[in-house]
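**Q** One-letter residues, chain by chain:
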Amino acid sequence: MNMLLENIIEAGQCDRIEAACAQACHAIAPAWPLDRAIAVNPHWSRIGLPVRTVAARMAVLAGIRVFPPRAFFHQALTEGRIQAADLEQALNTLPAARAAGLTATQWQQALAHPGALPQLPLLIDVLDNDPQRHTRLSWRQAITHQVSQTCAAYFDTRQADWRPEGTSDLYAFWRDTLQHDHGIGMLMGIPDLGQRLGVLPATRAEAEYWVLERLGLPESVWVDYLEAVLLTVNGWASWCAYLGWQARLEGRQDDHLRELLAIRLAWGAIVLDCKDDAATHHAFSAVQDAWRHVPEVLAEAEATLVIDEVGQLALEAAYQRQLANRLTHAAPQPLASGDVEVQAAFCIDVRSEPLRRSLEAVWPAVQTIGFAGFFGLPVAYTPLGTQARRPQLPGLLAPTLEVTDQIFVGDQVHADSTGKTEEGATQARLNSFDRARTWQSTRRWPSAAFSFVEAAGIAYLGKLGGWLMPSKRSRSRDDLSGLPARYQQVCRPAVTGLDNAAKADLAARVLHAMGLDKAIAPLVVLVGHGSQSANNAHAAALDCGACCGQTGEVNARVLARLLNEAPVRHLLSERGILIPHNTMFVAALHNTTTDELEPFDLDTLSPEALQHWDRFAASMVHAGDQVRRERAPKLGLDPRLGRAELLGQLRQRANDGAQTRPEWGLAGNAAFIIAPRARTRSVVLEGRSFLHDYDASQDADGSVLELLMTAPMLVTHWINWQYHASTCDPVHYGSGNKVLHNVVGGHIGVFEGNGGDLRIGLSQQSLHDGTRWMHEPLRLTVVIDAPRAMIEAVIQRHTVVAQLLDNDWLHLWRFEGTQLQHYAKGHWQEVREQCRPAD
Amino acid sequence: MNLLSVALSLTAVLLMLVAALLPHLLKLDPIRLWRSFTGLSSVALIASVLTLFIAPESTLLSPWLQVSTVGMILAVLVQLLGTVIGVFSSRYLEGEPAQRGYIAALGGVLAAVQLLLLADHWLVLIVAWALVGRILQGLLCFYPTRPFALLAAHKKHIADRLADVLLIAAAALAWQEVGSGSLSALWAHIEQGGWSPALHASAVCLVLGVILRTALLPVHGWLIQVMEAPTPVSALLHAGVVNLGGFVLIRFAPLLEQATIARWLLVIFGLTAAVLAGMVMLTRVSIKVRLAWSTVAQMGFMVLECGLGLYTLALLHMVGHSLYKAHTFLAASSVVRETRLQMMHGPMSPRPLSLWLAPVVAIPVVFGVQQIAGGLAWPWWWSVILGFAWAPLLWLPTAHGRPNAASGRLILIGLASLFGLTAAMLLAHTVPLGLVDAPDDAMGRVALAGMGLLYLCLAWLQLQPAALAGWRRWSYAGFYVDEFFTRLTLRVWPTIWTAQTEASDRHPVGAVLARNTANNPHTRTPNEHAS
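Protein chains in written order, with the numbering used here: chain A, 40 to 878; chain B, 23 to 553.
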């Protein structure tokens, strides 16, 4: 900041502006890149406020919808999905509805109104009032476009072959870009824009001070105004927040989001300078008038939104009524551990539930377990001979262990007899990459591409033909790319840099959390999951969220290998965890598109373990078939087809580059049950429920429960709210139409069409089948089988958990005997009474 | 000329006409419509292939239509693309409410293109080409509520109407001179030595019209911005529609042979587009926009080849580029997976020396391969251009602790690729396409200078990117060419950008943000929800 400014602004003012900007930036939740697309609650930083308050703020600040549109409730009512009892319950539950004396009839009448809420104007909106403005781009759009293109150029490291060099910070880069821009002024109808850039604040800090000083807004609304400004470029703001999030995990600080805010603020300064004094004056007073009444406008919006929140609750009550019925009417079915031949641990993902249910029905000798799909390994994985390191754990955490590939033949590492070594594999892979790179240069450089298509374009005839009839290939394993076939079989991921004691500690922790430290079957299958789709920019969003948008392959294989190591088992036995000598662990992958199981490293199993595996695999074939039949109608397939035919169709779908809906992912998710499997075995949960096994009797100190409520519960909440937000406001929190998607920076995100802001969230095709929504926007109902005191202890210790509950971001239930209780602001109420009001 | 070949050559046009009308005539659901489209298109494809082999050169309905080898090769190509794009769209657009109109427009565009490929009369040519653009508007505006889609469509509309005027002028001048609108008559007239300033003027108008239709700079904007329409529309446009200008130029080779001014125009516009758009392409940050700029550059190159009189190569380019670009566009979303794989490769910076040695080695290889095959197949300057073009195959990465053997292996791979590509080009060049090349040495030297300059830029870029920062900025901005065209378009068709601006007229303070309705399923009518 320069001296002049420092003189003008008193020191206290500086601090207050600084604090307001920091707070506004804090409100933006991160958005992960496409190759690590994990789900995030876009309101994550706002959970300190009640949902309805956030809904009011979002509407007033940026026209964003948090609750489903009223037409949605109307339809649910007409279709009978919301029944009178549900509505009654919602009206009784919501204090604001009770206070207002809202009746069912009034509520239904209110649905006829769209319930539109006022949105407060920003400086650029009130300035953009020229009668000629339809002959140019609207300023809001032009500015968003300019900021977005600048961000794309700045952050891109993968798409462009000719990138800006030696860039400074984002603000300086933008300032430099704009000063040399000869086009934007013309598009905005300000031909002499170039001459007006003298007013451009020199630094980020100056831009912030300049605007807040000049706008003359009351200090109490600064944060609101700044948040509204950021929300005009919410996509890039979320990207910057992601960079900040990563920096925090690594113990660094990242200022990109603040710079983005400053850029957007500085734009206000520029267009202001392009107007005459009268217009400027008018604009200031218009903005000031509008923003002076923020508290009143917000209060009014919040009052209007009571209708919407009642609808939200009624929708949830309808689902919860069924859920409670199913959970309380199912007789607990414990499993005699002596009968168990195979234990199979699946990810908590909602797509595991139908498969587990079918598998248990097909083969009673299998015990299935639900566990977070990264299997408790906080690892980052680097494929052999590359620098492509990537995290394989929930986005909330930073990796603490490293995994890379080893060439592992049979029993010993570096089996010299075969001559296969890591060094050999690395060189072979690098040579293959060299070849690929040479060949790619024919398309990368324009002059080469001209003549390349002339000479070799005809070869694309075959590729073009490939679009006509998709193949039935199995999932391609990109982590093995460039490795010769002879190495592919023996290249296996393993954790590095851990001695046996540390490995045993890790193994003991994981086994305890999985409930596997007591009774272990002869074969334990660790089933990760991954999706299979082609030509899909959002493929990672269908993979395992707990593995940071990757498949669970690496984690499952690493853990299986670790637990099969004799020294580790020896140390485990010293810690009191006895793994029978003949027990083996094996990793597999649940292909969620085709519901097939892909095993790994079977060649390292003992003959006895292989026999168990064969029986397990045979049951999985049947179970997979049942699940495919269950899923078929939603995918527009005929469930009565023969097994091979239905599987064939799903495999084709998985390889079909023209298919925008390879599978429905986690659409429909609505509940998370943390309980022993006995509570849910044979209960049909329709693939809508996350399942985590938990036995409170084995968790005396409550540490496992604490972990579950602060890690998996938050991950499921993020997933749940991503689906919720993308459904309720597809424009701001959905990535739009897949057929228009245009990938930015190779992996950063997508534009919908030419440009505009970066789009975050789920696409329209992930949620809507063209005629109806496949996801019902319900807040997650978490059901825990644990004593009241244990749960309350966790709530008390963790502010985040308390905020989620007290501010209505999720529902919490617990089992009391065979009954259910609902957590309501520190109290527990019987669920059955709630769900069945006197009718 | 028998009845069979007449019927065959008209089959594609008629079947596609049926495909275009079917959605309007029958109330079939989209699945059935797609099935019938695929059937019709496949039969049309077979008919085009048969025509190519049975009746490659014949007059159809004198003086209006004629079957030509070039036309039929492109007819097969376009029908193939149409079929693939149709099959792709049938799955890709599942659930889209406007599929019926899409199918009709796709059929219509293909019918019009097929008609254009048969044209032997100025009127047929002009009408068919105008129809292609007209019907295409329906596809460009598949989402009519997207303002940028409308903007792109309007831009194309302006370019098309200007092109119409120029083509009509070209037709009038030639017609006046020849006394007939028949193109065959025009060729005969020229062959008999009937050259005149009027034909000069006609050729100039023609090539300017082609430049407008082929989306060369400065009228390329609409092609870049049609990302506002579904991916397969882009594939169709980039692979099967913009390159029609190349077909027209090849057809008009007899006229262009003596029209020096017109050919110079082609060389200058083509070379400029190839070099500038090629540089812009390198700066693009989103995949589809990169592909679009690549098309502009490729079209520039094709037009350049036509101007140089290298018609055989131009035709090979049209075919190769179409297949390549259609596939690449349809696969645009695979870029995320490609990027993941690229990340495993790690960064690559070429050794400075290899940048300078690469063309020195590559150029003799291109000559050598031709010598082995029995003599030069194209002018010497073209071989040099090819050497520059494929020199990047011989760029060697700086060694990151890699053994020397790796470099040796890379050189071998590069040389083998170079050899293979040149051989493939030679082989393709020997296919009898019924074209007579008319290379011009002076123009060839200019083209060589331009492509040499492009290589220099690329090499410099590898060495000292910072030195080119200013040039990058201009490239990133697309040289600000399109901005003028955008404003012009907006003056003609003022666009209501969002409903928001309307609302703010009434409520200057509490403006209600009306949502962008284009892609928000919430805002669909209740009927659509219920169906």
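Because the hints were derived from the structure by calculation, they are not lab data. Treat the hints with care, as some may be off.
[As the list claims (entries may be wrong)] Some residues of chain B that are not near chain A, with every Cβ distance over 12 Å (derived): (1) ASN24; (2) LEU74; (3) LEU145; (4) ALA191; (5) GLU199; (6) GLN280; (7) LEU287; (8) MET340; (9) THR361; (10) GLY397; (11) ALA460; (12) THR508.
[Unchecked claim] Sample of chain A residues at the chain B side, in silico, Cβ under 10 Å: (13) LEU73; (14) HIS219; (15) GLY228; (16) ARG483; (17) LEU507; (18) ALA683; (19) ALA828.
Small disclaimer: the values here were computed from a predicted structure and weren't measured. The beta carbon of each residue, even a glycine, is placed where N, CA and C say it ideally should be.
**Q** Find the hints from earlier in the document that the structure breaks and name them by number, from lowest to highest.
**A** 8, 9, 12, 18, 19
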